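2 protein chains.
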Amino acid sequence: MRENYRKLRVAVLGGGTVGAQVAHRLLDNADELGSRSGAGLELIGVAVRDLSAKRSVALPKKLLTTDPHSLIVGADIVVELMGGLEPARTLVLEALASGADVITANKALLAEHGPELFDAAAKVGAQLYYEAAVAAAIPIIRPLRDSLAGDHVTKIMGIVNGTTNYILDEMDTLGLGFEEALAAATDLGYAEADPTADIEGYDAAQKASILSSLAFHTAVPLVDVYREGITGVSAGQIEAAKRSGHVIKLLAICERRVDAHTGQEGVSTRVHPTLIPRTHPLAAARGANNAVYVEAEAAGPLMFYGAGAGGPETASAVLGDIVSAARRHVAGGPGVGESTHADLPSIPLSHVESRLQITLVVADQPGVLAAIAGVFSEHQVSVETLHQSVATTEEAGAQTATLVIQTHLASEERTQATITALEHNPVVLSVSSVLRVEG
Amino acid sequence: MRENYRKLRVAVLGGGTVGAQVAHRLLDNADELGSRSGAGLELIGVAVRDLSAKRSVALPKKLLTTDPHSLIVGADIVVELMGGLEPARTLVLEALASGADVITANKALLAEHGPELFDAAAKVGAQLYYEAAVAAAIPIIRPLRDSLAGDHVTKIMGIVNGTTNYILDEMDTLGLGFEEALAAATDLGYAEADPTADIEGYDAAQKASILSSLAFHTAVPLVDVYREGITGVSAGQIEAAKRSGHVIKLLAICERRVDAHTGQEGVSTRVHPTLIPRTHPLAAARGANNAVYVEAEAAGPLMFYGAGAGGPETASAVLGDIVSAARRHVAGGPGVGESTHADLPSIPLSHVESRLQITLVVADQPGVLAAIAGVFSEHQVSVETLHQSVATTEEAGAQTATLVIQTHLASEERTQATITALEHNPVVLSVSSVLRVEG
Chain V
1 MRENYRKLRV AVLGGGTVGA QVAHRLLDNA DELGSRSGAG LELIGVAVRD
51 LSAKRSVALP KKLLTTDPHS LIVGADIVVE LMGGLEPART LVLEALASGA
101 DVITANKALL AEHGPELFDA AAKVGAQLYY EAAVAAAIPI IRPLRDSLAG
151 DHVTKIMGIV NGTTNYILDE MDTLGLGFEE ALAAATDLGY AEADPTADIE
201 GYDAAQKASI LSSLAFHTAV PLVDVYREGI TGVSAGQIEA AKRSGHVIKL
251 LAICERRVDA HTGQEGVSTR VHPTLIPRTH PLAAARGANN AVYVEAEAAG
301 PLMFYGAGAG GPETASAVLG DIVSAARRHV AGGPGVGEST HADLPSIPLS
351 HVESRLQITL VVADQPGVLA AIAGVFSEHQ VSVETLHQSV ATTEEAGAQT
401 ATLVIQTHLA SEERTQATIT ALEHNPVVLS VSSVLRVEG
Chain P
1001 MRENYRKLRV AVLGGGTVGA QVAHRLLDNA DELGSRSGAG LELIGVAVRD
1051 LSAKRSVALP KKLLTTDPHS LIVGADIVVE LMGGLEPART LVLEALASGA
1101 DVITANKALL AEHGPELFDA AAKVGAQLYY EAAVAAAIPI IRPLRDSLAG
1151 DHVTKIMGIV NGTTNYILDE MDTLGLGFEE ALAAATDLGY AEADPTADIE
1201 GYDAAQKASI LSSLAFHTAV PLVDVYREGI TGVSAGQIEA AKRSGHVIKL
1251 LAICERRVDA HTGQEGVSTR VHPTLIPRTH PLAAARGANN AVYVEAEAAG
1301 PLMFYGAGAG GPETASAVLG DIVSAARRHV AGGPGVGEST HADLPSIPLS
1351 HVESRLQITL VVADQPGVLA AIAGVFSEHQ VSVETLHQSV ATTEEAGAQT
1401 ATLVIQTHLA SEERTQATIT ALEHNPVVLS VSSVLRVEG
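Protein chains in written order, with my numbering: chain V, 1 to 439; chain P, 1001 to 1439.
These are calculated hints, taken from the structure and not from any lab test.
You may find that some hints are simply not true.
[Stated by the list, open to error] Partial list, derived from the structure: chain P residues whose beta carbon lies under 10 Å from chain V:
#1 LEU1059
#2 GLU1116
#3 MET1303
#4 GLY1320
#5 ARG1327
#6 HIS1329
#7 PRO1334
#8 THR1385
#9 GLN1388
[As the list claims (entries may be wrong)] In the DMTMM-like style, the derived pairs of lysine to aspartate or glutamate whose C-alpha atoms are separated by at most 20 Å in a straight line are:
#10 V/LYS155 x P/GLU1032
#11 P/LYS1155 x P/GLU1042
#12 P/LYS1155 x V/GLU32
#13 P/LYS1061 x P/GLU1042
#14 P/LYS1242 x P/GLU1042
#15 V/LYS61 x V/ASP50
None of the values given here were measured: they were computed from a predicted structure.
The C-beta atom is built at its ideal place from N, Cα and C for all residues, glycine as well.
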């Protein structure tokens, strides 16, 4: 043990699963965390809503308080694990203003108020750490901020929501419909009673905003993230994806690219169900796991994989950040601010080119293929592959066929116009699926 | 651009592929690297062996020098990319003694002289960065040192040598023999003219020593790393692995475990061909790629995947370290020393329990299974599965059968005694393969 060992006071805000685990580890592993930090870490208290609530891990009564403000006043490091926007935002700003470093796992807070918080930290030379906010214990924030700081990230594709990955994986593996798979996820505790934030892609969109901002040195507000959930994904689409050697994943895609309209470089950030080849590394992320695939100019493709949620996993990421903050205090000097120097414009989805897989049910009669091909050519959307499956259904007394068409890269505007034209074409009985393709 | 922008002087030692790329990026992206660092980065020179040698990237003549010592004198950050033990060791020590931070991609140097270098850095409060020394641009050093600093790593299994992974993958995919696959790797530039360091596992052993030391906060010298290369892996073993749902990978395994003899906790570090299930995440690392699988108590299993070698990839990791070093200089204070507080003993392979897959050719006659089972039971090695394949060959005039036996965990001592006993058993015609199993 060192002689002039600096003592750092740590306050934990929030006594839920993660908060209790973090507090417990700080008490239990103080010596070890100290020798890794170069500083003594003293837990000065845990701010909770209800002093008598049952905790997942027992904590000494004398450490609990219902007054977070009093804890912040005396803290060098404040760990915000309350979740939600308020009072978390006010408390984090209060902590930063006091010069404390702040660690948070609060993705909603960062996605909504990131720039305000980063500015507040920069003003006093404090630092905001948030490794736990995306993909829990999978290191992704630090690799993007530090490891790739000398490189240019060009694209991120992330499976960053475990609930939806579990649901899609169950649909893929067991052939379940969406509702059945959701029920299974709820039974197992993978989905919350109100699953909206997960299945509608809100959670993934928050994480996409955080990743895009960090990777491209640009503030990407949540409102600039295109978002589409998985409630519309059908068992038929999953089955068709399988047949074409694909799997459907809900991806958070962050991409530095050229705006198809303005020709200017910008950032496209979008969350939607996506077809990827079954051989793509991301396809190996099964169950409720997360995986983040990063392409950088020099480093090439990298993938980070693991559990993306859970109390111990999130606590692991938070404790890693606490050690980083402690080392920073020992070193002294200002924190590393969030860099936004690139300041790229956000590209709306309508200015992004993508590849689509479009499934049509058509009348099985001569001239149909030519008619369909004509629609694509008319809208200048180039077809990469076209598969016609054996006519299997009868509709309106006539034989029908199913066409699965994959396009080359085409602008959203053109593909949307193509789809509208297909819907109105007399040989098309229905446009049964439209999915974006990556990888 | 800031007003009182601090200028940091960077010296690059080594003008090979990586050195030239790093120097080029420092010149070309100075502004961007500056805004990410909070400091100006000025390349003061590149020390080379031969001023007139052809470089992969052209560099201004006036920056080249054959005198590394003169560069070190004036540098805040020294980047060692010469490779080899000397003069690299002397120059790194010289740089650290002068108070400069040092960045190195030199795995041999770290594996042989790590503790000496870390001590030299700690003495003056400088820091040694080495993200590029293991798996190039795949962030693994920083995740272990920072992200998992509040967790306990229990095991690492890494595919950390691209050449051997390429060879094994070709054998697996195309059914090639070792020599053919090596020749293909040499043709493609994946294997060097003298491939010994790769195929005999020396390169992987150096990386294992580095990972084990870092993950377990313990100096693990290279001499404590068990090492076995892939030259003995046969097409027959690869084929048999396939049939049993496995794939053979050369793994660097770093494990915190109990010494089977002393009962004390220690660290086992070993490199050997290993059978892993084809469903294991590591099995997805194809071609010359690297992948590192990390198990930690709270974070659970994590995997890091990407290209493990290459000029741009290694340069990406080095530049990330340069930005980290620059940020540290801006902050001031001492560097984060290597932590060796756990100081665990190394466990020799003979004290490690492992699972083996043993393949025997036996006489196809009544009583053979009982005799074999007797040998295992006599040595207290428990059998997990036993597969007898159809007798297909004739040897010495008699029908033969092949037995593939997978054991439960058993000590090296017992399994070795079992193998010796099998070799001397009259019903055993040959012990045709012995492989360790993980995952």
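Tested hints:
1. LEU1059: 17 Å, violated
2. GLU1116: 21 Å, violated
3. MET1303: Since chain V brings a Cβ to about 4 Å from P/MET1303, closer than 10 Å, the hint holds.
4. GLY1320: 4 Å, holds
5. ARG1327: 5 Å, holds
6. HIS1329: Since chain V brings a Cβ to about 9 Å from P/HIS1329, closer than 10 Å, the hint holds.
7. PRO1334: 7 Å, holds
8. THR1385: 24 Å, violated
9. GLN1388: At about 32 Å, which exceeds the 10 Å cut-off, the nearest Cβ of chain V leaves the hint on P/GLN1388 violated.
10. V/LYS155 x P/GLU1032: 19 Å, holds
11. P/LYS1155 x P/GLU1042: 40 Å, violated
12. P/LYS1155 x V/GLU32: Status holds; Cα separation ~19 Å.
13. P/LYS1061 x P/GLU1042: 16 Å, holds
14. P/LYS1242 x P/GLU1042: 53 Å, violated
15. V/LYS61 x V/ASP50: 12 Å, holds
Comparing the model with each earlier hint shows violations of hints 1, 2, 8, 9, 11 and 14; every other hint is respected.
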